[in-house]
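Peer 1: Protein chains in written order, with the working numbering: chain A, 1 to 347; chain B, 1 to 347; chain C, 1 to 347; chain D, 1 to 347.
A few of these clues could be false.
[Said to hold, decoys possible] Footprint (simulated), chain C over chain D, 3 or more residues, beta carbon under 8 Å: (1) 124-137; (2) 163-177; (3) 187-193; (4) 199-212; (5) 216-225; (6) 293-305.
If you are wondering where the hints come from, they were derived from the structure by calculation, not from laboratory data.
From the three backbone atoms N, C-alpha and C, an ideal C-beta is built for every residue, glycine too.
Protein chains: 4
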Amino acid sequence: MMVIMRKDYTEEELSGILERLEEIGLSGHTIVGMERTVVGVVGQVYPELADDLETMPGVDDIVPISKPYKLASREFKPHNTEIRVGDVVIGGGQTVVMAGPCAVESEEQLMATARAVKAAGAHVLRGGAFKPRTSPYTFRGLEEKGLQILKAAREETGLPVVTEVMTVRDVDLVARYADILQIGARNVQNFFLLEEVGRVGKPVLLKRGFASTVQDWLLSAEYIMSKGNRDVILCERGIRTFETATRNTMDLSAIPLAKRLCHLPVVSDPSHGTGKWYLVEPMAMASMAAGADGLMLEVHPNPDRALSDGAESLTFENFRLLMERAKAVGEALGRPLASEAKGPARA
Amino acid sequence: MMVIMRKDYTEEELSGILERLEEIGLSGHTIVGMERTVVGVVGQVYPELADDLETMPGVDDIVPISKPYKLASREFKPHNTEIRVGDVVIGGGQTVVMAGPCAVESEEQLMATARAVKAAGAHVLRGGAFKPRTSPYTFRGLEEKGLQILKAAREETGLPVVTEVMTVRDVDLVARYADILQIGARNVQNFFLLEEVGRVGKPVLLKRGFASTVQDWLLSAEYIMSKGNRDVILCERGIRTFETATRNTMDLSAIPLAKRLCHLPVVSDPSHGTGKWYLVEPMAMASMAAGADGLMLEVHPNPDRALSDGAESLTFENFRLLMERAKAVGEALGRPLASEAKGPARA
Amino acid sequence: MMVIMRKDYTEEELSGILERLEEIGLSGHTIVGMERTVVGVVGQVYPELADDLETMPGVDDIVPISKPYKLASREFKPHNTEIRVGDVVIGGGQTVVMAGPCAVESEEQLMATARAVKAAGAHVLRGGAFKPRTSPYTFRGLEEKGLQILKAAREETGLPVVTEVMTVRDVDLVARYADILQIGARNVQNFFLLEEVGRVGKPVLLKRGFASTVQDWLLSAEYIMSKGNRDVILCERGIRTFETATRNTMDLSAIPLAKRLCHLPVVSDPSHGTGKWYLVEPMAMASMAAGADGLMLEVHPNPDRALSDGAESLTFENFRLLMERAKAVGEALGRPLASEAKGPARA
Amino acid sequence: MMVIMRKDYTEEELSGILERLEEIGLSGHTIVGMERTVVGVVGQVYPELADDLETMPGVDDIVPISKPYKLASREFKPHNTEIRVGDVVIGGGQTVVMAGPCAVESEEQLMATARAVKAAGAHVLRGGAFKPRTSPYTFRGLEEKGLQILKAAREETGLPVVTEVMTVRDVDLVARYADILQIGARNVQNFFLLEEVGRVGKPVLLKRGFASTVQDWLLSAEYIMSKGNRDVILCERGIRTFETATRNTMDLSAIPLAKRLCHLPVVSDPSHGTGKWYLVEPMAMASMAAGADGLMLEVHPNPDRALSDGAESLTFENFRLLMERAKAVGEALGRPLASEAKGPARA
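Make a model of the complete structure from these sequences and hints.
Peer 2: Right, dumping it as structure tokens:
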């Protein structure tokens, strides 16, 4: 942490800073530059210190130096984290595809979709049983009934299942059915929920928040990891910007950036990220090219009759075409599609 | 809801839309313009319909017409909602000041602050017992011990208490101690929590999210109101933008805008909104001038030793000076400071 | 400037940095902290240095310390700059009101408006002769004919005139007619234009750009000042954010912040800032309360027939009411309305 | 254009709207819905009409239907525009690579770079002779001397040249030297400049502004096209968002979106878009996968000694590696690298 002094600071004010640092067991190294004097803080700093020092007389600004996350950082663990789910490995250099409807609407709808995405080569089945909705007056999911349908689909197709958990109370319930627990964008700073899934022995897929910087997102992963669960998969899904032509603005540079800063796998969700089915395929290919470890895609038997997010869902045929293209692009990139899951997944 | 057809739509595609609408009990009125053909949807539309129609052949875009919130809207209830807390009324045309430390750190710290803000004319005591923190490695509040200290301060000073609740599990606990339950910016779309505080018989102060549009924010209020609790106080506290010189960017135009669209009181939190103590007073005055029903302010005995958000806290003396200025400005605006709370508040 | 080394830097890399600094006449002070090693750069640094050093081996990040603007900074000139226009002083502690139509449409329209705003107490007449428009197919101003009409209005009413100049070629032309040259938000980084108005002996009103940080804005002022013209008035007019309910999001905290960082007067334009006439009055009052040195307001005889920006224009009557309120609020704030301009302004 | 009436509108107010529309030669079709009454405006509407109607009594909101750009729209011209520069075609289904230093610094630096990028397979040479810089105190280019150096490089290597023009006055000068005129992000709404390059017989590369929506960007292209120059190349280079870990946030979804809405070629500039050399290659590949017609890349002999933007420049070796990867990825995508330019370009 660096303390930048005001141009007109007094020697007394500078001494005040140095004394304060000593008082709390740290030390300060003063550099007198031509334009500014700066005090470098040496010792084990804690984050609140910035706020405290900023209010002291003579101080112009505080500049943090250390990164605030540890367990997630590549400096802490240089090698990629690989997470096994069923027979596929996420983060191991191959591209893993998670596909399915936004919401589980019925057994018929989910089973048809599960079979179609499996046939087209998907590795994981996605589907929401609990749906966060901006309005209280919209369809919010089949809840436990939806989880049971997902389980049935896993048993038939062998595809492991990723599904969202929205509240602490439901963590155990969802963990009984799901292979990967999903934390949605709206809950990225629901810290009690993060800690609760940190205590569960299942991988967690953590979506980036609408307003999360990459650093915030890694700190949310840190919450989960600090409770013992190291199997966190990051999922880029767009941030909120002034552009309204797409539902969100996908920040694909966050994929290589997050992978440089941390060792966790990063997947991409171009369905929510764009909100337009016709942008899903180009942004899926772009995500792979940016280095994503996987894709999360919405597929629906009849997108124009979906109870949720129809506008961004692919038809079975469009998903099949996307997978063909992903195969070719993945090979050119040296990130081939993961080999198909074989047999029932381990729950 | 309006369906905008593509320029090159076919008659068959248009018929498809009209038939689909009839199938679900609605009807469509077609307007053939010079540049575009538009179908106005008549009947009780539901929000998902936009997504469904958008994927139908021949459709260029869908434009919603109705506002998605009802109970919160001024069209539903034209008159201002007034919320009584202790002896003050929020939303009744006077300015209510809520002040105290960001976090309750000790009985000594809170009692001293409570006495100081009471002496300077504050109406409500604020203080966090549960603190949402971006990093898992920072001080997160005294929890129930903090609530007990708040209760003691209320008993001594008579000031009602507003404090944050972060998770469904703690709603009953916090409601036993607090006069107003606060929902923080990070939980503005934690829908289970919103519904839970909607079942409690205490007013709720709902902060705007970092990435919430005014409409999103009103929909979050709608979640609370839809469970029966109509006493919601909105709190503007800044949104996330590209500007980094302040912690957030306060959107003061949201105050008169929200008051035009809905009937709920709107208060302003310039401490979190700016993150800089020296911007708090001008932005507090500006909030009043923009029409805020109240202010929420951080005050701390020693801002440079605070365990949380010291950089944005006022000293006792600065708070006193702010209150003097607020008195004069409030009178000029026709929004005087509320008269002081007398005697112990009703819990 | 501080050079933050990577955790795994080598001694050779550190030496490389220190040698490079000496090679260009600077020196480096190394601080070895517990988590990071930092090199403080001492000497006259230049901005490109950050980019250069950032690519050197062993470097993690570069942190600039000095502010990149000089002439505009309060450290360079501690006292407020006061700018006299006609008989009013902008930046002298009183509130100056600039009012008039968005665009000059006809002599009749402008003269009626000039008389009305003068009668209600405005100090400066605004009106666009050259209009920047997002679409090439919209009304773009009367050009020199508009300037002549503005001149006629000044002669009759005595109000000095502020009007926009959009291109280098027109600077001399506009300067012959205007008392204050306005640089619009879209031209805030049109550096040749900034330099050209920097060579003119008239004050310049510099709007903030849609995407300008406060620092960018001050650097644009620095461009003007670096050519010799020190009479720059900053004008906050909203930035672009995710919120679409208002045309822009006014960042009122930028007013006290800019006044703290620099010595120039800062005015506020709530008409463009909000885009909604019914938000203009509350945001005008809020701007005053935030410390603005003046207001810039759109007034039109028939807002529903304006050729430009009718939705944000006040009627004569609404402007009169706003001025009454501004009078009361200004007195309470200790920033009274400037006394009326008397007699013809000096061109 | 649709006029949305307030819920409590009166018949008199509705008649007022209809009469006003007839008065200006349009007509209104009224749809009385369950929640809202809407008036569809039929006839040749003009953009200002929205503002005018919005202020009329009884009106709640105005919803535009038509797109405000014409010449640029795919509805106006369904087939892709192909632009020939030297021996390459931009927009014809192959990937065109423009590479070179951010700024021309010396003949030696530019010639070395031109030879290196040519050897690695680039098709167009980029280099700035006029540099827009946020601070007035930084290197701003060699101006005409820089143009002469670019010309010499074209003569030796045969690579056509793209370079920026910043002001109306320099358009003819730059057009004498350049094969493609570049309009920078800061000038995307410098309308006089747009019109001036619209009168020149050379292709124009139009960068997206920091705060431009896709629609704004297409309107800026429309300005150029409306003056007769139809050869506009759009260039995505990132927008300004809350994320500060990268210089800008690249909005790659804008590439397929712009190509759907308009017929112009779209290229991508990941060097400026990210500001970090180590993100350039993944974002270049991602841009190709998103459908870009070309790439614009910064290459410098010694990035750590560049006078401008060193942190985002590739070394010769890194550029060569990127081109190898681009070759493989382009083939997998069906968008191979364009065949090399042969012989001197036509100036």
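Peer 1: Within the segment 163-177 of chain D, is the number of residues with a Cβ closer than 8 Å to a Cβ of chain C three or more?
Peer 2: holds (count 4)
Peer 1: Are 3 or more residues of the segment 187-193 of chain D near chain C, judged by a Cβ distance of less than 8 Å?
Peer 2: Result for this restraint: holds, n = 6.
Peer 1: Can you tell me if the segment 199-212 of chain D counts as covered by chain C, using C-beta to C-beta distances under 8 Å and a minimum of three residues?
Peer 2: holds (count 3)
Peer 1: Can you tell me if the segment 216-225 of chain D counts as covered by chain C, using C-beta to C-beta distances under 8 Å and a minimum of three residues?
Peer 2: It holds: at least three residues are needed, and the segment 216-225 of chain D offers 4 whose Cβ sits within less than 8 Å of chain C.
Peer 1: At a Cβ distance under 8 Å, does chain C reach at least three residues of the segment 124-137 of chain D?
Peer 2: Three-residue rule met by the segment 124-137 of chain D, so holds; n is 6.
Peer 1: Confirm or reject the coverage of the segment 293-305 of chain D by chain C under the rule of 3 or more residues with a beta carbon closer than 8 Å to the chain's beta carbons.
Peer 2: The restraint on the segment 293-305 of chain D holds, since 3 of its residues have a Cβ under 8 Å from chain C and three suffice.
Going down the numbered hints, you'll see the structure goes against none, and every one checks out.
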